[in-house]
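Chains A and B, in that order, are what the protein sequence lines are.
Residue numbering for the first sequence is 1 to 357, as defined by the working numbering.
Residue numbering for the second sequence is 1 to 357, as defined by the working numbering.
It is worth saying that the hints were derived from the structure and are not from the lab.
Some hints could be false.
One copy or any two copies: either way a pair holds, since identical chains are not told apart in the list.
[Unchecked claim] No farther apart than 30 Å at their CA atoms in a straight line, the calculated lysine-lysine pairs in the DSBU-like style are these:
hint: 1; residue 1: K133; residue 2: K235
hint: 2; residue 1: K166; residue 2: K235
hint: 3; residue 1: K166; residue 2: K133
hint: 4; residue 1: K98; residue 2: K162
hint: 5; residue 1: K111; residue 2: K162
hint: 6; residue 1: K100; residue 2: K133
As the structure is a prediction and not an experimental result, all values here were calculated from the model.
Protein chains: 2
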Amino acid sequence: MTTLTNDTFIRTLLRQPVDRTPVWMMRQAGRYLPEYRHIREQAGSFMALCTNPELACEVTLQPLRRFAFDAAILFSDILTIPDAMGLGLYFTEGEGPKFKHPLQTAADIEKLPQPDPAVELRYVIDTVSLIRKNLQGSVPLIGFSGSPWTLATYMVEGGSSKNFQKVKGLMYGQPQLMHLLLDKLARAVADYLNAQIMAGAQAVMLFDTWGGLLTTEDYSDFSLRYAKQVRALLKTDYQGQRIPCILFTKGGGQWLENMADAGYDALGLDWQTDIRQARHRVGDKVALQGNLDPVALYASPEVIGEKVKSILHHYGTGSGHVFNLGHGILPDINPEHVKAMVDAVHQYSPDYHHPLA
Amino acid sequence: MTTLTNDTFIRTLLRQPVDRTPVWMMRQAGRYLPEYRHIREQAGSFMALCTNPELACEVTLQPLRRFAFDAAILFSDILTIPDAMGLGLYFTEGEGPKFKHPLQTAADIEKLPQPDPAVELRYVIDTVSLIRKNLQGSVPLIGFSGSPWTLATYMVEGGSSKNFQKVKGLMYGQPQLMHLLLDKLARAVADYLNAQIMAGAQAVMLFDTWGGLLTTEDYSDFSLRYAKQVRALLKTDYQGQRIPCILFTKGGGQWLENMADAGYDALGLDWQTDIRQARHRVGDKVALQGNLDPVALYASPEVIGEKVKSILHHYGTGSGHVFNLGHGILPDINPEHVKAMVDAVHQYSPDYHHPLA
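Chain A with its partners taken away, still in its complex shape:
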């Protein structure tokens, strides 16, 4: 049973028959849209926008007015949890996210509180409710969080990093302390995603932006292990609906077999991975989401159409493919080129789906 007008995205994640390939786009609510930039300016700062449910809801809905996307995704940041733990998230122009109080000592980690999503992350939960209400069942709403490992990198480094020297230093030098931090984060992420689900998120996605910077062994021990813990703690059903769950590790193409065993319904693919080979490797364990190179959206609409066609062709026949970029859309892409991508998915994908029974 579903109350969605368009449930193609959910059905695809569950590998149920559909009549075409669904499409959405990482960072679809974002700077490439002039209407987003307008609201962002109005809000004053990125965090002011994130923490204002009305404005965050508005920017979530903006791309759906322009493009026939098959899902909405909560407008928020991956670093809301560390902020709720007291690290003080802020953004500086051109330098990405930073924390006022990065984790520097064992005591910092030991005393980290478990945030109550209904309190410290109330603004996100309210935003989810508001978006869900406004969507009126048109398309499903995706909730999300950064993965424990990815959150830990920012919390220890104090922001973005080139070499991840501090967080890897902690991992190599004091692995037990690192595990303590990741366990705390896994529980906080699960609480947070469950709260999003109860507020209306119909699918959730875990963004492991920096798992790909680890060795194969460390990815398994310090990133995937905690993605599994999150998954085990998540609601798999809510109010009679299955809540599909997507795991995306940027740069994780070498580890798809292991990721496919982590309990997720689908894996996100970056653009480097060939989706045909990926499908062959994961078999019928998971659906796949991706994976057009975000830079391909600078190309002409004709070239974009060809690239879309190629990815659809490489995935092949049958359900289980959600079309997306391999990473977030870049801020200076022409919205007409997004339209070219969406149109191409609509035009070419029905050929790859058998008629519904």
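Following the hints, position chain B against chain A.
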């Protein structure tokens, strides 16, 4: 026949029996050494150091005086060829390499000259001769170049890039022009490496720093294809000696099977790839070089020893493994930690080699 006192590196690349695993380090002549910083300051600029054979020879030899490395590598930059083609290479503090005259039009590409290594790259060839002479047959000398694709990224972008928008734009929008550029570069790279071989380089390595940013298909068509062309044009023997050739694509772990068919004797591995799985995947086609995470050298000497042991163990028994980092050493590593790595390779690796017949 070889005139080398220590030919462990060469024998390993050719998968001939050795009594221990050889070790060297990408960027082993570099800023982590105080004696390098001294010479670099004396030279005035990075390019002044590269173009001065006496000084470039001196910094090449410095790490060999401190550590029991099994190979020397020419001190130079990967971007000497575009500079020799007239693009005007320069370095700005903290921003990496830049070109005064990046490629902007079809005409820029069409009129690119083929440099004569004996003329425009004379300073490199002289450096190779001088290093070879000074090594006195102690260990082999590695020559190198950037790969055609990697050179093209810098030449089109005008320097380092985050998203490679311009070069991918050229690739997507005008693929024939991109192929023209890559063909010119492949021939120039082969000429350059052959000149290094004739001047004394006893092995060569192709650095494909940015191949890993491509899709699987584009990697094959625009990077690996030209690495193959380079290989086909290279001298495989010189003065009765086999000249082994190493291909390193950072981020190329998903494509090892294809790389193993490109005609190279060995593949460089970044740290994300598990060397055990890599060996299994490439079988007996190539030797492997790598792959300690450069960030692991910040850890304690004890932890470094454990990581070295683990990589040796994962590669397993027999010849075909050159120990190295998975990328260049970082500039603020303590040289004592490099010693810990080299000592661990010496201590633990003999167990993995059968006695010589």
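Hints and how they fare:
1. In this assembly of identical chains, the alpha carbons of K133 and K235 lie at most 30 Å apart only when taken from the same copy (21 Å versus 69 Å across copies).
2. Neither within a single protomer nor between protomers do K166 and K235 lie at most 30 Å apart by alpha-carbon distance, with minima of 34 Å and 44 Å respectively.
3. Neither within a single protomer nor between protomers do K166 and K133 lie at most 30 Å apart by alpha-carbon distance, with minima of 42 Å and 42 Å respectively.
4. Proximity of K98 to K162 under the C-alpha cut-off of 30 Å is found in both arrangements, the shortest distances being 14 Å within a copy and 20 Å between copies.
5. In this homomeric assembly, K111 and K162 come within 30 Å of each other (Cα to Cα) only inside a single copy, at 27 Å, whereas the closest approach across copies is 37 Å.
6. For a Cα distance limit of 30 Å, the shortest separation of K100 from K133 qualifies neither inside one copy, at 35 Å, nor across copies, at 55 Å.
Taken one by one, the earlier hints fail for this structure at numbers 2, 3 and 6, listed in ascending order.
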